[in-house]
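There are 2 protein chains.
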Amino acid sequence: MVNYHQRLDRTFAALVDPTRRAILARLERQDGASVSELAKPFAIKLPAVMKHLDVLDDAGLITRSKVGRTVTVRLSPEPMRAAMDWLRRYERFWSGSLDRLAAHAERKEAEARESDR
Amino acid sequence: MVNYHQRLDRTFAALVDPTRRAILARLERQDGASVSELAKPFAIKLPAVMKHLDVLDDAGLITRSKVGRTVTVRLSPEPMRAAMDWLRRYERFWSGSLDRLAAHAERKEAEARESDR
Chain X
1 MVNYHQRLDR TFAALVDPTR RAILARLERQ DGASVSELAK PFAIKLPAVM KHLDVLDDAG
61 LITRSKVGRT VTVRLSPEPM RAAMDWLRRY ERFWSGSLDR LAAHAERKEA EARESDR
Chain D
1 MVNYHQRLDR TFAALVDPTR RAILARLERQ DGASVSELAK PFAIKLPAVM KHLDVLDDAG
61 LITRSKVGRT VTVRLSPEPM RAAMDWLRRY ERFWSGSLDR LAAHAERKEA EARESDR
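Chains as they are written, first to last, in the working numbering: chain X, 1 to 117; chain D, 1 to 117.
One should not assume that every hint holds.
Simulated crosslink set (EDC-like; lysine to aspartate or glutamate; CA at most 16 Å straight-line) [claimed, not checked]: (1) Lys51(D) to Asp17(D); (2) Lys51(X) to Asp17(X); (3) Lys66(X) to Asp54(X); (4) Lys108(D) to Asp31(X); (5) Lys66(X) to Glu37(X); (6) Lys66(D) to Glu28(D); (7) Lys108(D) to Glu28(X); (8) Lys66(D) to Asp54(D); (9) Lys108(X) to Glu28(D); (10) Lys108(X) to Asp31(D).
FYI, nobody ran anything at the bench for these hints, they're computed from the structure.
All chains should be built: construct the whole structure from the sequences, respecting the hints.
Here's what the structure looks like:
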């Protein structure tokens with residue numbers, strides 16, 4: 001069974017490669033694309049693109065369906081939701097006002113003093 | 001020079017490992033921690049923790065400062081901002097209403113028909 005942490009591992013691992021990110025970005029703009037359409041912008045050969053699609057598929061970020069000789073690739077964005085939720089906790093560091101940050105730091109210090117007693 | 005894509009590569013690569021994510025989560029809750037404090041919850045040896053800290057440091061996600069024999073590790077969350085901004089474009093898939101998704105799909109189809117002419 002793949003747990004929460006393993007799913008996050010796979011999602012982030014899939015996002016490490018710029019070609020895979022570009023494929024996801026393409027599928028975000030265009031709902032469904034053939035493998036050859038997806039491969040076109042890249043200076044890599046089709047088997048290399050297929051390997052990237054395997055990684056994205058294993059991470060649950062795309063689905064592939066075959067009709068005749070054409071494989072259509074679609075975005076399956078759900079795993080990115082957990083990745084974004086994981087990152088969201090750091091959002092206060094850049095979106096929060098300095099006042100809020102200071103208040104947070106003070107609260108944590110107060111908690112630490114409390115737990116030292 | 002490290003460009004935008006390479007920085008994103010490094011950020012996502014740093015986030016792949018659950019131990020590194022746990023270290024970042026700890027530093028989110030606690031502003032500044034010693035290496036031994038950070039190492040304590042993990043069933044891995046100190047040199048392994050040091051290697052994880054090197055990866056986080058290379059990705060610009062932590063800073064380390066030494067006073068006497070104590071190294072204090074602090075969170076440097078800025079690179080996560082770009083990672084979150086990258087993921088944000090997919091947010092509409094889960095936060096948007098189905099109506100909005102349908103409208104988006106229709107608009108894209110209309111654009112595609114337009115460009116086929």
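Against the structure, the hints come out as follows:
1. Lys51(D) to Asp17(D): Holds. Lys51(D) to Asp17(D) sits at ~12 Å (cutoff 16 Å).
2. Lys51(X) to Asp17(X): Holds, at roughly 12 Å.
3. Lys66(X) to Asp54(X): Cα-Cα ~15 Å, so holds.
4. Lys108(D) to Asp31(X): It holds: about 8 Å lies between the C-alpha atoms, which stays within 16 Å.
5. Lys66(X) to Glu37(X): holds, 15 Å
6. Lys66(D) to Glu28(D): violated, 20 Å
7. Lys108(D) to Glu28(X): Holds. Lys108(D) to Glu28(X) sits at ~11 Å (cutoff 16 Å).
8. Lys66(D) to Asp54(D): holds, 15 Å
9. Lys108(X) to Glu28(D): holds, 11 Å
10. Lys108(X) to Asp31(D): With a Cα-Cα distance of about 9 Å, the restraint between Lys108(X) and Asp31(D) holds, given a limit of 16 Å.
Of the numbered hints stated above, the single one contradicted by the structure is hint 6.
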